[in-house]
Amino acid sequence: MMQIVRIGDGSTERHTADHIGAKAANLAGMASLGLPVPPAFVLPVKLCAAVIEGDPHAERHLIDGLREGVAFLEGVTGKRFGDRRAPLLVSVRSGAARSMPGMLDTVLDVGCSLAAVRGLIRQTGNPRFAWDCRRRFLEGYSSVALGLDPAPFSAELTRIISAEGAENDRQLDCEALERLAMAYHDLVEDDCPSEDPEAQLLGAARAVYRSWMSERACAYRRMENLEHLRGTAVAVQAMVFGNRGLTSGAGVAFSRDPSNGAVEPVIDILFDAQGEDVVSGRVTPLTEAALVDALPAVAVDLRDILARLEREYEDVQDIEFTIENGKLWILQTRAAKRTPRAALRIAVDLVHEGLITPHEALRRLKCVNIDSIVNASLDGAGKPIARGVAASSGIAVGRAAFDTAGAERLAGAGDAVILMRPTMTTDDVAGFAVAAGILTAVGGRTAHAALVARQMGKPCIVGCAINFDASARKAQIGAAVIQEGDWLSIDGDAGAVYLGRGKIVEQRPDDELAEFARWRSGAHHRAPRSEPASNC
Amino acid sequence: MKAQIIEQLGQSEILLPSLVAEGLAANNRVKVRMSALQAAAQHAREPTQAPIDLSAECEAAGLGLAAIKSVVGGARLGANGRIAIPELAKLMEGVSDDVKIMIRAVEIGAPSDGQAAMERLALIEASGALAPTEDVEPAAIARLTGVSATGGDSLHRLVMDLHKALNRLAADCAEEILAGAHVHGLRDEDRPAVEAFMRGLARTEPLKFGHPGLATTAARAGARLIIQNDIGTTDAHVLVLSIEGTSVTVTHTDVHFIRAKFFTRLFDKFPVVWSGLEAKKAEGAAADGAFYLVTGRLEGESVEERDRFLEAIGAALVFLIDWNKARKVLRLWVGKADAIGILDWAARNSIGHRAFLELGGAELVASAVRHAIPTRIGFGERLDSSLGRDSAVDFLRTVLRVSTEALLEGRSVRLVRDSIEADLVRRLERVESMLLAIVVRQCGLAREIAAALVANIAERRSGRPVNGAAMAAFARRVEEKADRIAIEARNEVSRFGADANIEELVNGVEAAIDELEQAAFIASLMPAGVEAALLRPLSELCAAAVAGAEAAASGVAAAAEAPEGRRADSEDALAAVARLIDVEHAADASERSVTALVLSGGLDLTTALSVLELARAIERATDRLAGFGHRLRQHVLADLAA
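Chains as they are written, first to last, in numbering that gives the first Met the number 0: chain R, 0 to 535; chain X, 0 to 641.
Just so you know, the hints here were simulated from the structure itself, not pulled from any lab data. Here the structure is a predicted model, which is why all the values come from computation and not from measurement. Be careful, since some hints might not be right.
[To be verified] Chain R stretches covered by chain X per the calculated footprint, using a threshold of three residues with CB under 8 Å from any CB of chain X:
1. 38-49
2. 89-97
3. 194-203
4. 334-343
5. 431-442
6. 490-502
[As the list claims (entries may be wrong)] The following residues of chain R were derived to be distant from chain X, with all beta-carbon distances above 12 Å:
7. 3
8. 225
9. 383
Idealized CB from N, CA, C, for every residue including glycine.
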């Protein structure tokens with residue numbers, strides 16, 4: 000008999016990633032530390048394996064497991080699944096023993112029937128929030144569980160946004176969101192189980208299993224040598240809502256600065272928003288200062304939790320969090336990705352703080368190109384013409400380009416290029432590759448542009464107020480008008496943009512490098528431990 | 000019975016029952032083979048898409064999966080535009096053999112039918128459609144597997160005709176009638192399964208109200224017990240159950256994909272694994288074919304569970320008859336999804352839609368609208384726009400229920416019409432719930448402006464740049480929208496002659512929205528650099544306005560449930576009213592502290608004026624909301640007294 004695993008029942012039992020998937024094991028780990036994690040239950044990996052192998056009893060275990068799990072969530076939350084008075088909504092998440100980012104499906108706001116919308120309004124008095132949940136549910140469920148073409152849905156969204164004179168979905172008022180949700184409702188058409196919460200849940204769970212066997216997931220496992228994985232767990236978690244109002248929000252936080260390693264948390268937050276809004280990069284998130292202003296107690300909690308997690312996991316953490324009505328919830332934690340420079344500084348600091356040994360520090364730096372690490376600064380650039388959000392550290396000086404074609408042309412002529420874009424799309428990747436630095440008008444440190452730039456090790460500033468005039472091939476930053484080909488200097492640490500061609504002064508972090516060298520010579524005296532090269 | 004048939008057919012045809020059983024099994028196989036051809040064509044056209052999975056279908060028909068998989072997965076579009084399919088010759092041979100097995104049984108049972116079928120097959124073979132080649136034109140697959148509406152013959156049409164003939168023979172040569180099913184060659188252990196299926200069928204069969212169909216045959220074919228039902232009268236609409244031990248495989252062919260989905264939903268309490276329901280797969284099939292093949296498999300844990308499932312299937316079949324017709328009728332009055340939802344409900348509650356259609360369907364509802372409320376619902380207007388969605392759905396459910404009850408009990412049509420009209424009139428009297436939904440929408444809009452004010456003040460407090468003009472423009476748009484909604488609501492109130500108190504609620508929120516819009520306008524003009532000591536009470540005021548709008552929305556939402564709800568609903572509504580009064584007091588206090596700070600002097604005129612005016616406008620808004628709360632209490636208390 001298959002047993003579901005409960006998270007948030009007060010148990011401190013740890014579970015392995017092989018058993019319940021890496022994501023759920025992580026959640027269970029945080030819950031066992033007493034951190035505020037929304038309650039959840041997990042259908043273990045082996046059920047997925049049984050479903051795929053066509054085990055005749057798998058379907059029954061699935062149905063029974065979901066039923067038992069929902070009863071558990073109802074018990075701990077005091078809400079009822081799909082209820083018209085106090086509805087429980089859940090997220091249905093995938094999670095294999097090893098992370099497969101973006102490969103498997105997730106459905107949010109499951110249980111959000113029209114009756115539940117009424118219940119949400121009644122509980123919160125916030126129709127905007129209730130209809131927002133409904134439309135988010137229909138967006139996700141229709142494409143993931145029902146396999147419907149997302150195009151008509153996004154066409155409907157675009158139509159309503161433009162009819163309302165809004166710029167994006169965040170600017171829609173509650174009445175427009177209600178109309179949007181009802182238009183989606185009609186698009187779902189023949190699949191009225193969107194009204195039956197149990198059928199929704201079953202459909203979402205099955206969709207997660209299907210996504211395990213999807214072409215892209217199979218291809219990814221082949222590519223990443225993960226073919227030994229037996230399946231994905233399904234984690235069903237009580238939803239917490241960052242979109243409940245202005246004392247709610249969602250964000251991403253690093254326990255230290257992942258671009259330079261500074262011992263200060265880096266926090267991105269959007270109020271009245273869900274997690275997917277923060278990572279989408281469509282809107283520029285606020286920083287810790289805004290959180291301190293709005294919800295000082297939460298800001299203190301968040302710092303405490305970041306420090307705690309760093310101690311527990313002995314490394315810099317990258318977490319996802321949600322605040323619902325002034326209450327902080329942690330949804331995920333993982334070791335933070337970092338620039339080579341940050342990696343060195345963090346390793347040195349963690350050794351000083353006694354969290355890790357020099358031996359461990361060396362192991363972590365094994366894949367870092369130590370010789371490439373320099374601290375660059377800008378000399379003689381004058382006053383910045385604008386400031387944005389520092390998203391990837393370093394200095395870049397180059398000629399302004401407004402699109403990939405322009406960037407390639409200028410780079411082809413042998414000049415360094417600063418690529419300026421309203422936001423980043425997949426079309427811009429080639430432009431990123433040839434650019435020395437990147438500047439975007441919207442987005443936060445967790446936006447796609449920032450992630451890609453950090454990955455490529457290129458200085459990047461996001462959320463910098465730029466007005467583009469595409470037809471005239473010029474842009475305005477603050478009072479300055481920039482033509483394509485003009486020289487710009489950007490400081491990816493300070494988030495500052497300068498007019499003209501500044502001089503880059505490079506300095507090696509000598510103290511840290513010396514310490515690194517000491518560890519290395521010390522390590523010679525020990526028996527070397529072999530590490531698999533695939534860890535790089 | 001059996002003796003008569005043997006006499007009629009002559010001694011040699013004593014084997015007929017087993018031939019028929021074999022023919023029916025061949026029918027299952029040939030359908031899978033034709034589906035494999037369609038799937039192969041589909042895969043050849045779109046090789047990047049995962050090929051359609053026919054494993055459940057193969058399992059049900061007793062075909063080797065590997066061969067079919069390689070047929071589908073290995074199909075490639077050649078440069079000549081033809082589709083190369085591995086082992087195509089063998090597949091075509093299989094198709095041809097299956098059809099011949101079917102014909103052989105028909106020939107013995109009904110020689111002239113068999114003869115005609117043989118000739119048709121000969122013509123199809125002569126056309127080269129089944130030729131053992133390595134590749135085939137896409138159009139040829141379409142011709143083979145399609146059933147054209149214009150009547151041209153095709154292999155698929157021939158298969159369907161043979162299937163029908165086999166069913167007739169199966170009924171004729173039945174050894175006996177078991178619980179209403181024509182059966183032959185059953186083993187003792189087969190009987191409970193057939194009886195369970197027939198128990199379900201018998202329970203709901205009266206709901207077909209004279210429509211032909213639902214004939215059942217059952218036979219043992221090797222290791223399996225096969226139960227078949229011809230459902231309605233559509234050729235391509237057939238149900239075959241294949242039972243082995245405690246496992247049941249359902250094969251359902253249907254011309255309407257959404258009906259097939261509807262059918263599978265009715266068994267969502269059983270752990271059945273369905274295949275053929277993926278939208279993509281259906282599109283592929285629809286491209287060339289005229290039917291959808293849906294398969295479900297239940298691995299029963301016990302004989303009891305298997306029989307419960309069989310009974311449920313038997314009981315569900317009547318709801319497939321005329322399903323699409325009923326759906327189209329309901330679509331005249333409510334949205335697409337709701338129309339299907341109503342049919343779902345009717346099936347789950349053993350009501351069905353046949354009685355409704357029998358009593359006139361669309362006309363039945365239209366005449367009720369004409370008689371009961373000619374002035375209130377315009378010609379061609381959907382019921383959900385005039386009654387509200389919930390009430391419209393509920394009304395149509397009632398129409399279906401009343402129709403079924405009346406026909407079952409032999410009541411007069413006149414009585415049915417009267418009771419439907421009366422229900423509609425009653426609903427119009429309760430149209431309040433829909434009007435209250437409009438009030439909720441208004442409260443939401445009030446909250447939008449209040450929240451924008453909160454954000455504006457928060458930004459000022461943190462020293463971030465504020466875009467006051469954008470906020471004021473947003474507030475103006477919201478206010479205009481709220482105005483339009485209020486006008487609409489007032490029209491509805493008078494159209495339905497609803498409680499005047501509701502109009503007062505509408506007016507109350509509208510007034511609060513006006514004040515909030517005024518506040519947003521002033522806030523947009525407030526100079527930068529207003530000191531923190533002033534911003535603090537202002538932000539408390541804005542927060543109070545948000546809390547007020549939320550309490551109002553939440554109270555109305557609870558009140559809308561109250562007439563038919565539980566005590567908790569009216570209690571919740573009254574608790575929200577109490578919150579509104581508290582909010583008003585808190586806002587009063589904050590407004591006073593703003594006034595005191597301003598009057599203590601030291602401010603420039605613009606700052607002093609704008610801060611005071613802003614505080615006043617918000618305080619007036621919370622006043623209006625408190626007034627709204629009093630009306631809401633009256634409304635809830637009146638409901639409780641009624």
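The hints, checked one at a time:
no., hint, in the structure
1, 38-49, "violated (count 0)"
2, 89-97, "violated (count 0)"
3, 194-203, "holds (count 5)"
4, 334-343, "violated (count 0)"
5, 431-442, "violated (count 0)"
6, 490-502, "violated (count 0)"
7, 3, "holds, 16 Å"
8, 225, "holds, 19 Å"
9, 383, "holds, 16 Å"
Going through the hint list in order, the structure does not satisfy hints 1, 2, 4, 5 and 6.
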